[in-house]
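Chemist: Residue numbers (my numbering), protein chains in the order written: chain P, 1 to 238; chain H, 1 to 238; chain W, 1 to 238; chain Y, 1 to 238.
No lab work stands behind these hints: they were computed from the structure. Keep in mind that this is a model prediction, so the values were computed, not measured. Incorrect hints may have been included.
[To be verified] To give a feel for the contact side, a few chain H residues facing chain P, derived at Cβ under 10 Å:
1) L113
2) L136
3) A173
[Said to hold, decoys possible] Label pairs and their computed distance ranges (CB to CB):
4) P:S4 x Y:P129: 45 to 51 Å
5) W:G142 x P:Y217: 20 to 26 Å
6) P:Y217 x H:R38: 32 to 38 Å
7) W:R134 x Y:G24: 33 to 39 Å
8) H:G161 x W:A137: 43 to 49 Å
9) W:G24 x Y:P7: 33 to 39 Å
10) P:D53 x H:G161: 43 to 49 Å
11) P:H59 x Y:R38: 32 to 38 Å
12) P:E11 x Y:P7: 35 to 41 Å
13) H:L160 x P:S6: 43 to 49 Å
[Stated by the list, open to error] Pulled a few chain Y residues facing chain W out of the computed Cβ check, cut under 8 Å:
14) P57
15) S79
16) A143
17) D144
18) G176
Even glycine gets a Cβ: it sits at the ideal position worked out from N, Cα and C.
4 protein chains.
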Amino acid sequence: MTASVSPGLREAVWQANQALVEAGLVRLSFGNASGIDRDAGIVLIKPSGVPYDELRPEHLVAVGLEDGQVREGEARPSSDTPTHLALYRTYPTIGGIVHTHSEAATVWAQACLPIPPLGTTHADHFRGPIPVTRPLAEAEVGADYEAATGAVIVATLDELGLDPGDMPAVLVASHGPFAWGGDPLEAVANAIALETVAAMAIRTYALNPAVQPMAGYLLERHFRRKHGADAYYGQRRR
Amino acid sequence: MTASVSPGLREAVWQANQALVEAGLVRLSFGNASGIDRDAGIVLIKPSGVPYDELRPEHLVAVGLEDGQVREGEARPSSDTPTHLALYRTYPTIGGIVHTHSEAATVWAQACLPIPPLGTTHADHFRGPIPVTRPLAEAEVGADYEAATGAVIVATLDELGLDPGDMPAVLVASHGPFAWGGDPLEAVANAIALETVAAMAIRTYALNPAVQPMAGYLLERHFRRKHGADAYYGQRRR
Amino acid sequence: MTASVSPGLREAVWQANQALVEAGLVRLSFGNASGIDRDAGIVLIKPSGVPYDELRPEHLVAVGLEDGQVREGEARPSSDTPTHLALYRTYPTIGGIVHTHSEAATVWAQACLPIPPLGTTHADHFRGPIPVTRPLAEAEVGADYEAATGAVIVATLDELGLDPGDMPAVLVASHGPFAWGGDPLEAVANAIALETVAAMAIRTYALNPAVQPMAGYLLERHFRRKHGADAYYGQRRR
Amino acid sequence: MTASVSPGLREAVWQANQALVEAGLVRLSFGNASGIDRDAGIVLIKPSGVPYDELRPEHLVAVGLEDGQVREGEARPSSDTPTHLALYRTYPTIGGIVHTHSEAATVWAQACLPIPPLGTTHADHFRGPIPVTRPLAEAEVGADYEAATGAVIVATLDELGLDPGDMPAVLVASHGPFAWGGDPLEAVANAIALETVAAMAIRTYALNPAVQPMAGYLLERHFRRKHGADAYYGQRRR
């Protein structure tokens, strides 16, 4: 069975990886972006440790959604591939995933704190506090570490009763953010929004340590302006 | 009645939107710039949710100043259009308005604090503390939210007895800044100055929490160097 | 008497103004750079309020060192010209001066605090704490304000017994930095070094509020590595 | 004996110096990169005080590993050459060294604090806290200062029992970082990683002063993912 990767998916995943660089979310070979062809059951992802300026569309690696085996490509897939697969398997609405060590979001992950909603920039993209996972236990890190990272992201959303469309990012404690969306470029946009609100929130607390989260009705209004049946932001393309 | 938009206004509004990107004040599709033709009673504004790198002058949308109805253009106008209209209707001296989520100014808006004048960079552009609005009530957010945002900006200036020429920006609580000027590019310049003084002020308080606002006579001298009948800064173009 | 400006000085002052932009030290029309022809008794300076991207060498304005009258050029000279003249008149070794509102240096000026020497980056350029002036009195601001700014810089160096070659920058309280050097580009280099050490010092105090200034012998060693008869840094061009 | 420098080494050291600029780790003429030809016993290094934009491959200076005498090149070698030589002599596995005054790493050096491991970005590159040296004594600074800087870096690693491959950077107190690697570009990559984790750590402590270092088993897992016999990150090139 050799399902072939569509040129459109290959182009989209390559563009998403480049967009991470252009947005300043990655340095060196940190981070990765992937996309999925649900019909073919194939995930296309950045190869491991390849610098972004050397990355070409044909370097991307296709792996099976269920078995994680390489279907196309001569390189090793990203070492974080099992994390991506766990998310794609659990959430059928996700079409693209990005992982970065973007500075401000990683600061919240290292501080092991969720990012409270402090303004409409946050509310436009995230329907509530952006959660942080619990720390992984030694047994989880010692065994199938990257799969355990995916599992703890899923467990975090589950425990909070969050839909991945309402909360398109999670911070992995002592590590950094994963973000997703309907396609690879939407995942990048959510990672950019995450970095922006993370940076704003750090500085807001520094300026006013007593600041309270924004009003729930304002958060809901802004999220609903952009998402769901009553959205009136944008050009009716959603 | 089909008033047509002058090419000069279209070019100015398009340039102002591009200048927001070049100045680093906007990311993704955050923010918007508009301009007005007072004779024709028409406001020209960015379409909603369109990325800046795809924006062309012909994409800008013309709406009636009084009724808010689309006069020219095939796209939806910015969802913040009612806020712009409220300001244009109240202040006849305003020729351009920009809205951004620029990082440091938004931090003050999220902290729900006005920006005190701490130095001449501030005084060159803003004649006193840059105000922050009260939070909007649930009823205001639930009904005509964007018009209510315009109304609370006007109410904020009114209560402080401020002229929009002396104070060309207001922070909307839990949201971000609106700035204006005699034309769209002057509005952008004020938004740049706002972001600059907002960033400086955050760091000044971090370095010296006991810092006091600058002397009133120094503030007045610098503002008057650049504005009004006795201005002696620049090339006599004002 | 019409002394003409040498092409070399015009080019150097123009390059210095452009270098301020490239180094990120200025935005909008903030700031200015000047140079002097001591033989001709002429100072060449940026015109007032002209954006840097419109500035051409022929726009620079020549004024007399002693009388401050325009000798060449059709524009108004920078409103800060009397400050530059005061420094050139007092210090015969100065060949170029720059004024900026660069962010971190302005933060120290707004905080009304001198910048203590915390590391060798500082010591390579500044032989001790970088001083801040006292606030100007109302009478000084109300009369010949820009000349008073020059006078308070000179008074600050005088009171501390500092030579302008050992301390090539002063922070003007509630305003921002002035920096100088043997020629206009050296003045820019000192302004860049100032902004760098100012930014580092803000963050060093945030990280470790109890930090002490560096050892005097280390400061002296580094300053002497680059300046004076025993300098051994660089290519023997000084 | 006139050993000639291989074109490959010259190109690599030149690229490393340029990469410092592109990565934003150096300004003005701060910093330097070097590489070594172990067979020829020659170290190739940036000339002293030359701005990076004027630096050409043929300007690099070759000095003898053991005697420090210039073998090729018409310029003075970097004044920090004795520091580089001390490291090359002590650690035979090092193929490239860079010195910068990159902002965040220098902040830790100025604060005289080691950088604790707070997340996987750190653990991917540094196997534990990144150490800071003790302050140099007056006698050390007064005599062969740059050689003493090299000696205190070596002493710091020795006292902590650290291998230079496990800990490819040290902060010199009141000065800034030195970083190294198997070749000059790997040294640059480690300097970039250092600056990144230094910046993240400053902000993490600001956000959560009570934060604890990451779990040792997570640190070890990430370091081992990229280094040593069991590494599975990257494309099997190590």
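Chemist: Quick one: which hint numbers does this structure break? Sort them smallest to largest.
Modeler: Violated: hints 5, 8, 10, 13, 14, 16, 17.
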